[in-house]
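So the protein sequences, as listed, match chains A and B. 281 is the number that the numbering used here gives to position 204 of the first sequence; each next residue is one higher, with no gaps. 147 is the number that the numbering used here gives to position 70 of the second sequence; each next residue is one higher, with no gaps.
Just so you know, these hints were derived from the structure itself, not from any lab. Computed from a prediction, not measured in an experiment: that's the story for all the values here.
Pairs involving identical chains hold if they fit within one copy or between any two copies, as the list cannot separate such chains.
Straight-line alpha carbon distances no greater than 20 Å define the calculated PhoX-like cross-link-like pairs of lysine-lysine that follow:
id, residue 1, residue 2
1, K283, K157
2, K80, K287
3, K283, K80
4, K229, K240
Number of protein chains: 2
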Amino acid sequence: MGKLYIVPINISESPLERVLPDFNKQTVSALRFFVVEKIKTARQFLRKMDREFPIDDSVFYELDKHNDYSFQMEILDELKAGNDVGLMSESGYPAIADPGSQIVSMCQYSGIEVVPLVGPSSILMALSASGMNGNGFTFNGYLPKKDPERSKELKNVVTTIVKTSFAQIFIETPYRNETIFEDFLKHGHADLKLCVAYDVTGPEEKIITKSIEDWRKGKFQFDKTPCVFVLGN
Amino acid sequence: MGKLYIVPINISESPLERVLPDFNKQTVSALRFFVVEKIKTARQFLRKMDREFPIDDSVFYELDKHNDYSFQMEILDELKAGNDVGLMSESGYPAIADPGSQIVSMCQYSGIEVVPLVGPSSILMALSASGMNGNGFTFNGYLPKKDPERSKELKNVVTTIVKTSFAQIFIETPYRNETIFEDFLKHGHADLKLCVAYDVTGPEEKIITKSIEDWRKGKFQFDKTPCVFVLGN
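Excised from the complex, chain A in its bound form (with noise of 0.2 Å):
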C-alpha cells in the first residue's frame, strides 16, 4: 500500500526555503502521483522545488475537475498498487480552508496512512502572531456574503467571544477585504481587538492587532492581498 503524504506549498511569493523543511524536498522528490487543486500550480510548485523534477513521468489528479467516486477509486487504485501519492493545494496547506479533505477522508477509511508535512498555515501564523487567545479558538472559514445571514452571524461571533473567549478566525477573498474589515468595526464592541494578518511570509507582511476602537481611527490599506482576520478579547 502507498502513503498519502499533505503537502504544503509556499503561501504568497515567498522562497521555499522560508516555509519548508528540507524533508519536503526529499520526500516529494520521490513522488510520481499527485492530486492537486490545480495542474499548473502543483507544476510551478515542483520544479520551484527541484529543477530537475519529472514533471513528464508524472500523473496528476486535478481536484477542480472531478471530485467524484470514480475519481476517489482511481487515486485509491494508485494507493493499492503501492505508489505513494502527494496532495497539494494552490497554497498552503491543503485540507485546511483549501480542498482535499474527502481524498484524505477516502484514505483514512480504506486504512491508507496518511502523512502530514509541514509548511505553512496562515491561519495558524495568524494566531500566534495575533497575540489572541491560542488556547481556545474556531476557525469560521468565509462569512455569509449577504445580510441579515451576515449581520447575524457576526453579532453571534461578537457574543460567542464575550461568552468563551475563544479568539475567532476569518478569511475573505483578497477583493473582499476592506468590507469585511468595514464590518468587524461595525459589529464589533470597541474594546475587543482584531488582528488583520496581510502576505503572511511574503514580502510585504504585516501582523498587527489593535483594539476595534483603535481600528476605527484609522485606514488599512488592503489592495488585493490575502489576509487572515482573527477577533477576540
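Got chain A sorted already, so can you dock chain B onto it with the hints?
Chain B only, in chain A's frame:
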C-alpha cells in the same frame, strides 16, 4: 526597535530538518535574547540546531517562573533597545496551546513587529490528516477534568458537531489519553468520527480516523505519548 520572532521547535524526537525550514536556523542563529517556557529545553534546542550556538552569550527569560508586568517590561526594554527576541515553548508552536500569547499581546500593544516562523503544529497536522472538516473547526484545548462539567462539555461538543459540522479538536496530558479516548467512545454517537493523532512527526506517528462504532470494537495502545484528538462528522 527589535522584532519578536515566534520560533517553533521540534515535537517529539523528530530531527530538525524534518520539521523546520532552513530559514529558521539562519534567523534563530542570529538571536541572543529569548523568552522561553523552560530554559533547559531552549538550550537543548539551540545546541541541536547549531552546535556552535553561543548559549553563554545569550539571555533567557523564563515564562514558567515569572510572567508579571515587570517581567514583560524587561522584555519590552530589550526590544526597544533594538534587540530581536525569539519566543519558544517546550514543543511545537508557541502561543498555540502553549504559553507565550501574553508576550505577543504586549508586543502588539507596543507596536513591536511580530514575525511567525514556520514549524510543526500537531493540532493543524492532525486536522489535515484526519480528513475532517478543514473549512470550520474549533480547538477546545483540554476538557474539564471532573464531572459533571466534563460530561456536560462532551455533550455540548457532540451537539455542536451535529448542528455546525465543525471539527472539534482536543489535547490531553499524555497519561490521561486513555481516559479521554474512552470518554469520546462513551459520549459520541456511533456514526461520529474520531481521529487519534499519535506522536505527530515522531518515529511512531500514527494518525487514524475511524467511526466511534469502529473504535468501540478495538483498543488503541497510548503509552504516554502526546496525542491530538479530532471529533467530527
